[in-house]
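> Here's the letter readout for the chains.
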Amino acid sequence: MRAYISLVEPDVRFEALAADLEQAFDGSFARGPARNLDDRRLARWSEPEFTRRALAAFTLQFDRIPAYRGLCERRGFTPETVTRWEDVPAVPATAFKHLDLTVEPAKRPEAVFRTSGTTHGRRTRGRHLIARLSLYRRSLLPTFGARVIHGERMPFISLVPPWRERIDSSLSFMVSAAASTFATETLWLVDGRGRLDADALRSSLRAAEKAAVPVLVLGTSLALVRAVEILEGRRSVRLPVGSRIMDTGGFKGMEREITRDELHARLEAATGLIPSMMVGEYGMTELLSQLYEPVLEEGLAASGTYVPAPWLRVRALDPLTLADVPEGTTGLLAFFDLANAGSICHVLTEDLGTVSDGRVKLQGRAPGAEPRGCSIAMDELMAAAEEAASGRTPQ
Amino acid sequence: MTIDHPAHGGRVPTPDEVAAVAEKLHGTREHLRSRPAASLAASLGAAGRRFLDPQDPVRAEALERLPESSGLSSAVSRVVLDQMAADWTEERLRRLLATELGDPCPLDTLVERGGDRSLAIGPALCVQIAAGGVPGVGVTALVRSLLVKGPTLLKPGRDDALLPALYARALSEVDPDLAESLAVVYWPGESTGHLDAALARAEVVVAYGSNATVAAVRARAPVTARFVAYHHRVSVGLVGRDALTDANLAPLARDIAWAASAYDQRGCVSPRVVYVEEGGACSPAELADHLARAMEDVEARWPTGALDTGDASKLQQARGTAELMAASAGGRVHHGGSSPWTVWWAPDDVTPIPTAGRFVVVRPVADASALAAELGALGPHLQTVGFAGLAGRLDAVAKTLGEAGASRIAPFRAVPFPPPWWHHDGRGPLIDLVRWVDLERPEPARAEELTPPASAARLSR
Chain A
0 MRAYISLVEP
10 DVRFEALAAD
20 LEQAFDGSFA
30 RGPARNLDDR
40 RLARWSEPEF
50 TRRALAAFTL
60 QFDRIPAYRG
70 LCERRGFTPE
80 TVTRWEDVPA
90 VPATAFKHLD
100 LTVEPAKRPE
110 AVFRTSGTTH
120 GRRTRGRHLI
130 ARLSLYRRSL
140 LPTFGARVIH
150 GERMPFISLV
160 PPWRERIDSS
170 LSFMVSAAAS
180 TFATETLWLV
190 DGRGRLDADA
200 LRSSLRAAEK
210 AAVPVLVLGT
220 SLALVRAVEI
230 LEGRRSVRLP
240 VGSRIMDTGG
250 FKGMEREITR
260 DELHARLEAA
270 TGLIPSMMVG
280 EYGMTELLSQ
290 LYEPVLEEGL
300 AASGTYVPAP
310 WLRVRALDPL
320 TLADVPEGTT
330 GLLAFFDLAN
340 AGSICHVLTE
350 DLGTVSDGRV
360 KLQGRAPGAE
370 PRGCSIAMDE
380 LMAAAEEAAS
390 GRTPQ
Chain B
0 MTIDHPAHGG
10 RVPTPDEVAA
20 VAEKLHGTRE
30 HLRSRPAASL
40 AASLGAAGRR
50 FLDPQDPVRA
60 EALERLPESS
70 GLSSAVSRVV
80 LDQMAADWTE
90 ERLRRLLATE
100 LGDPCPLDTL
110 VERGGDRSLA
120 IGPALCVQIA
130 AGGVPGVGVT
140 ALVRSLLVKG
150 PTLLKPGRDD
160 ALLPALYARA
170 LSEVDPDLAE
180 SLAVVYWPGE
190 STGHLDAALA
200 RAEVVVAYGS
210 NATVAAVRAR
220 APVTARFVAY
230 HHRVSVGLVG
240 RDALTDANLA
250 PLARDIAWAA
260 SAYDQRGCVS
270 PRVVYVEEGG
280 ACSPAELADH
290 LARAMEDVEA
300 RWPTGALDTG
310 DASKLQQARG
320 TAELMAASAG
330 GRVHHGGSSP
340 WTVWWAPDDV
350 TPIPTAGRFV
360 VVRPVADASA
370 LAAELGALGP
380 HLQTVGFAGL
390 AGRLDAVAKT
400 LGEAGASRIA
410 PFRAVPFPPP
420 WWHHDGRGPL
430 IDLVRWVDLE
440 RPEPARAEEL
450 TPPASAARLS
460 R
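Top to bottom, those sequences are chains A and B. Numbering-wise (numbering that gives the first Met the number 0), the first sequence opens with residue 0 and increments by one. Numbering-wise (numbering that gives the first Met the number 0), the second sequence opens with residue 0 and increments by one.
Keep in mind the hints are simulated off the structure, nothing from the lab. A couple of the hints might just be wrong.
Where chain A lies over chain B, by a calculated footprint (3+ residues, C-beta under 8 Å) [as the list claims (entries may be wrong)]:
| hint | stretch |
| --- | --- |
| 1 | 281–288 |
| 2 | 326–339 |
Output of the computed footprint for chain B on chain A, the stretches with three or more beta carbons under 8 Å from beta carbons of chain B [claimed, not checked]:
| hint | stretch |
| --- | --- |
| 3 | 54–67 |
| 4 | 91–97 |
| 5 | 319–328 |
Using C-beta positions, here's what the derived DEER-type ranges look like [said to hold, decoys possible]:
| hint | chain 1 | residue 1 | chain 2 | residue 2 | range |
| --- | --- | --- | --- | --- | --- |
| 6 | A | Val-212 | B | Ala-305 | 54 to 62 Å |
| 7 | B | Gly-192 | A | Ser-355 | 52 to 60 Å |
| 8 | B | Ser-190 | A | Thr-258 | 21 to 29 Å |
| 9 | A | Val-212 | B | Val-11 | 48 to 56 Å |
| 10 | B | Ala-59 | A | Glu-72 | 30 to 38 Å |
| 11 | B | Pro-53 | A | Ser-355 | 45 to 53 Å |
| 12 | B | Ala-59 | A | Gln-362 | 36 to 44 Å |
| 13 | B | Lys-23 | A | Thr-258 | 35 to 43 Å |
| 14 | B | Ala-59 | A | Arg-43 | 56 to 64 Å |
| 15 | A | Ser-202 | B | Gly-192 | 40 to 48 Å |
| 16 | A | Val-212 | B | Asp-15 | 58 to 66 Å |
Even glycine gets a Cβ: it sits at the ideal position worked out from N, Cα and C.
Throw the hints in and build the complete structure from the sequences for me.
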């Protein structure tokens, strides 16, 4: 589709900013088996420290991405006028479906991550061009290490396909990078086509139980539902103390939605793990930093609350005016992620939540997918027209 | 026989209750057929007129409750009610009957046809599954089938539950006898048990709504029932270069803005993309500028109903993405900030994005004659094409658009409110509901007088 011209001189400013950020991310990385995690390392970056880098990233993105520059100029927010990171124009996540947003447009990206398909057949999948993969790796490891691993190394049982089989999946990259850093060994139970090996799941959990070595099971909520269905109806497993589960993502596309509490209760029955050992992760292809539920440190009271990486800021906005809503009030979530220095830092999502003290409570996707009345939006129409032409029934 | 929508303090009936309602309606068919069509038009029109009478409590209640029930603003609700109800009067319904079925009315008496005679029979039971969106569509639907002497069970749409219920009440006061043949019943869309109960005795099934909804109803309709589908549709506009003069831009933009805004763009007739010919005295981009101002003016007088969170979110995603695409490929996005109107001038081909609020895309087209090809794959979903400035080319352009799938070509000002006898999605609104009985000449030729046609003679050798 697109040809990339390689061997092009990289942008010096990007390289410098990325190197600075990576070094700063590393500073939050508790290396080695530190059972008592130094929480100060993971403290939010101070406002001046965050703002300085945020404005540097904005200047770079403004200069290097013409579409973004046009948007900023039209809205009257340019590097000359913006002094607060909150005033940097946010790009809607949908834009990743239509435009390649990268500060290195002439350089071949080191990775291209794609968003999952949506219910509308034709609607383009979003793609996030990753100019520098090390920025992602070094952003994800400290938070994963702190919130999920908590200073210990252990075997991983992954229900996420390995990156080598899903090179367009940012989640697969994340799990692979974490595994190569924190896992004593890794079992990949889901292949690149999404098939879960049920026998290997049962036998690996039984082996862990027998060996009395704590394990980490990782998966999307969807994969964990599948796993629970496989485990249910057999003798339940008792995973060793210290074992944990990381779950990510919602239940989009499932025939029957189940609540997170219900999933946790069934996981507890099937594995013997208590819900405070189940860590929720919130991330998206468009963002290279993640948020986690700090349940390992704070217990079950923190369930449903997500803490962003120190270099990730989140706001809840009024859906119509895009003004900040008061703390604790529901709004559209917008993220400013410094790990996105190579693309767009400030991203407006379609997710709803509340923000208090820098932490997020998620309330799911903004509803309203079904158009009102007999009219149909052009995009849905194109999908419908193509489905009609191909003889398939619309979903 | 109305079971109020749960949102209006009603309850969801059981499937058995729905079946009983359908059975009871079915039982009124003979009595309904015994009534002259003109008397039905008179009663239906009298009930409809109550929505226009400033002294009538029915109108007062409709105006008071419509904004909340439909999600449209008060100002827009009033316009929609006035325009819709104007077509529910006796005069308009008699004209609809005459236009569609002719005079004398074949529902009442055998009429001449090709030397023989024919009689139109209304459905023994017409089940109408209506869609959300535009208030009044449900009443128009039920009036059509009652007018052709069909007992009618209407399931109202999500945002159009109020007017059918009010109409049923008004009718029961005007003509309790006729009201016995109408039921307005709501049940949750996903309940196939209710749907099956309603459809079991149906002779005609009419389904409005999304392609998925229509497909789901179609799949469950009895094989013997006729199925009338009003599935998803999209409408566009076409501005010829003759209209692109300095003096004309402002009034033209007003007409387009009104066409797009009338039901907060929820109607299947609402234009979403306006194609503007290049080569006029003014450019398509200038028209887009004027359209933005006109959308602002329309918004001030007839504001958009409150957007829910999902629509507001969709609007933000759409505007931001359009702004980026405009900055990248050329074009311009005008919008009203927290007023949810948007005009996107997109000179280059763009991938359509999900939109919300009143959102009009303006696109250039080299020549009106090229539009049909441009619309290509949309054909099966195309409905109205609003037009201006086509002068002497109108008939030829209309023909190509019709061949491409459009079923209505109308001046922008007329776009939001088609007349009752319009060929709705290309079909007669009453004709599709009736069944014909042909009565041939009582004295056909005797068998021995028949000579085989020449071709048959050849074949028999």
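> Using the C-beta atoms of Ala-59(B) and Arg-43(A), is the stated range 56 to 64 Å upheld?
holds (57 Å)
> For the stretch 281–288 of chain B, do three or more residues have a beta carbon lying closer than 8 Å to a beta carbon of chain A?
Coverage by chain A is violated here, the residue count being 0 at a Cβ distance below 8 Å.
> Could one say that the CB atoms of Gly-192(B) and Ser-355(A) fall in the range 52 to 60 Å?
violated (44 Å)
> Could you say whether the range 21 to 29 Å given as a hint is met by the Cβ separation of Ser-190(B) and Thr-258(A)?
holds (23 Å)
> Verify the coverage statement for the stretch 319–328 of chain A against chain B, using a C-beta to C-beta distance below 8 Å and requiring 3 or more qualifying residues.
holds (count 3)
> Holds or violated: 35 to 43 Å for the Cβ distance of Lys-23(B) and Thr-258(A)?
Check passed, 42 Å falls within 35 to 43 Å.
> Using the C-beta atoms of Val-212(A) and Ala-305(B), is the stated range 54 to 62 Å upheld?
With Cβ atoms ~56 Å apart, the hint holds.
> Confirm or reject the coverage of the stretch 326–339 of chain B by chain A under the rule of 3 or more residues with a beta carbon closer than 8 Å to the chain's beta carbons.
Three-residue rule met by the stretch 326–339 of chain B, so holds; n is 6.
> Does 36 to 44 Å hold as the CB distance between Ala-59(B) and Gln-362(A), or does it fail?
holds (39 Å)
> Count the residues of the stretch 91–97 of chain A whose CB lies closer than 8 Å to any CB of chain B, then report whether that count reaches three.
The restraint on the stretch 91–97 of chain A holds, since 6 of its residues have a Cβ under 8 Å from chain B and three suffice.
> Are Ser-202(A) and Gly-192(B) spaced within 40 to 48 Å by their CB atoms?
For Gly-192(B) against Ser-202(A), whose Cβ atoms are near 44 Å apart, the range 40 to 48 Å holds.
> Just tell me: holds or violated, for the beta carbon distance of Val-212(A) and Asp-15(B) against 58 to 66 Å?
holds (59 Å)
Checked against the numbered hints given earlier, this structure breaks hints 1, 7, 10; the rest are met.
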